[in-house]
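Novice: In case you want the letters, here they are:
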Amino acid sequence: GQQLNQSPQSMFIQEGEDVSMNCTSSSIFNTWLWYKQDPGEGPVLLIALYKAGELTSNGRLTAQFGITRKDSFLNISASIPSDVGIYFCAGVGRSGATNKLIFGTGTLLAVQP
Amino acid sequence: GAVVSQHPSRVICKSGTSVKIECRSLDFQATTMFWYRQFPKKSLMLMATSNEGSKATYEQGVEKDKFLINHASLTLSTLTVTSAHPEDSSFYICSATGSSSDEQFFGPGTRLTVL
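Respectively, the protein sequence lines represent chains U and C.
Just so we're aligned: 1302 in my numbering is position 99 of the first sequence, and the numbers increase by one with no gaps anywhere.
Just so we're aligned: 56 in my numbering is position 48 of the second sequence, and the numbers increase by one with no gaps anywhere.
In isolation and in its complexed conformation, chain C is listed as follows (with noise of 0.2 Å):
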């Protein structure tokens, strides 16, 4: 159980363009879902967190107008990367908790290029 997948698992795109990462819980109902960005051989870095229906809360120097985050499902939450750059390029991984524990269970993250 607690399965969360991502997808795609690999993108790569044109500088200035838009691209959309789905976060899923395949099999329970997240509540609270989290986006972290992963530099190569760095930590990861919490971006935001959102709540189904509600606006996502951003950490400090993530711009949340260009890390579009919509929570619009228990089940379902999006990460939209918009006028994308070649240091926008990262690993981004999400995570989810249901309501009957704070365990955040991952996702096996994104890996995004920028050209």
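The following block holds chain U by itself, in its conformation from the complex (with noise of 0.2 Å):
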């Protein structure tokens, strides 16, 4: 099935650095949502954007929903510990009368305490 490319796959960072991660689509979308995923836990909805060029910011985290609508990136700052998990985009479709989610590959972000 189709998927967003997400860049890049995996991060180390340090606590207190700030991080950067996007998601590249062939495909044009209207909304673009960010999850993060806990292990073994199912993923948890971090921002949501809705229109082109767009820029939200919740806490620590900022995304972007790119002019050409077919991109995005989410920016962390100040990382801690628990921004320990996987980062997944999604892009929402229609199909019928119902709201499809496509994921992205994922970001695996770890974080040296």
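Each hint should be verified, as a subset may be incorrect.
Claimed, not checked - In silico lysine-lysine, DSSO-like type, Cα no more than 30 Å apart, as pairs: (1) C:K28 to C:K49; (2) U:K1303 to U:K1273; (3) U:K1303 to C:K63; (4) C:K74 to U:K1303; (5) U:K1303 to C:K72; (6) C:K49 to C:K74; (7) C:K50 to C:K74; (8) C:K63 to C:K22; (9) C:K72 to C:K50; (10) U:K1239 to C:K49; (11) C:K50 to U:K1239; (12) U:K1273 to C:K49; (13) U:K1239 to C:K28; (14) C:K50 to C:K63; (15) U:K1303 to C:K50; (16) C:K50 to C:K22; (17) U:K1254 to U:K1239; (18) U:K1254 to C:K50; (19) U:K1273 to C:K50.
What the hints contain is simulated information worked out from the structure, not anything from laboratory work.
Now that you have both chains on their own, put them together as the hints suggest.
Specialist: What follows is the structure, encoded as structure tokens:
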């Protein structure tokens, strides 16, 4: 099935560092979502983006919806150990009357205390 | 609010047996439920979408006779993996949306191991 490409695949950083990851697609999406998944858990929504060019923040997290509607990035500032996990972007596509999520390949973040 | 649970959280079964996984919306009525499969270190892949009271819509490449989905009520959907084989071992995650929003709320997942 279709997937969105995320980079980098993994990141190993020191506590306090800023992090940036991005997500690209060959298709246009009208909504982009960013999720975090802890080991053995389901994903949790972090930020939702609804408009091309939109920049949205949620605490230390900031995400932008690319102008072309084919990409998005997520920044985490001043990382802390609990930021560890896998970060997924997702594009929202329409299938009939239902919105379906197309997930990215994921970025694994490890934070060294 | 918007809590989704799954049961069991982990299951180990012998090859050839069938396994049922439940997905419940605890504090809202789920008009649509989704089932995903996630292999280790991989992304979530949508398997099927189910609306209460109607047949599930399966994604391309997902065998509907092997992965039986029932969405009999507005708070419960079940996924039955029939005649399970080791290659069906995976992390199965459900999500649900209510009538007031398109946001999908995810369950905690079920780890299936087929021996």
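Novice: Please verify whether K1303 (chain U) and K72 (chain C) have alpha carbons no more than 30 Å apart.
Specialist: holds, 18 Å
Novice: Below or equal to 30 Å on CA atoms is what counts here, so check K1254 (chain U) against K1239 (chain U).
Specialist: Status holds; Cα separation ~21 Å.
Novice: Tell me if the straight-line CA distance from K28 (chain C) to K49 (chain C) falls inside 30 Å.
Specialist: Holds. K28 (chain C) to K49 (chain C) sits at ~24 Å (cutoff 30 Å).
Novice: Given the hint that K1239 (chain U) pairs with K28 (chain C), does the C-alpha gap stay at or below 30 Å?
Specialist: holds, 27 Å
Novice: Does the structure keep K50 (chain C) and K1239 (chain U) at a Cα separation of 30 Å or less?
Specialist: holds, 14 Å
Novice: For a C-alpha distance cap of 30 Å, please report whether K1254 (chain U) and K50 (chain C) respect it.
Specialist: It holds: about 28 Å lies between the C-alpha atoms, which stays within 30 Å.
Novice: Holds or violated: are the alpha carbons of K50 (chain C) and K74 (chain C) at most 30 Å from each other?
Specialist: holds, 22 Å
Novice: Assess, step by step, whether the Cα of K1273 (chain U) is no farther than 30 Å from the Cα of K49 (chain C), and give holds or violated.
Specialist: holds, 24 Å
Novice: Holds or violated: K1303 (chain U) with K1273 (chain U), Cα cutoff 30 Å?
Specialist: holds, 16 Å
Novice: Measure nothing beyond the straight line between the CA atoms of K1273 (chain U) and K50 (chain C); if it is 30 Å or shorter, mark the hint as holding.
Specialist: holds, 21 Å
Novice: Taking only the CA atoms, is the gap from K1239 (chain U) to K49 (chain C) under or equal to 30 Å?
Specialist: Holds, at roughly 14 Å.
Novice: When you check the alpha-carbon spacing of K50 (chain C) and K22 (chain C), does it fall within 30 Å?
Specialist: Holds - the C-alpha atoms of K22 (chain C) and K50 (chain C) are around 24 Å apart, at most 30 Å.
In the structure shown, no violation is registered for any of the earlier numbered hints.
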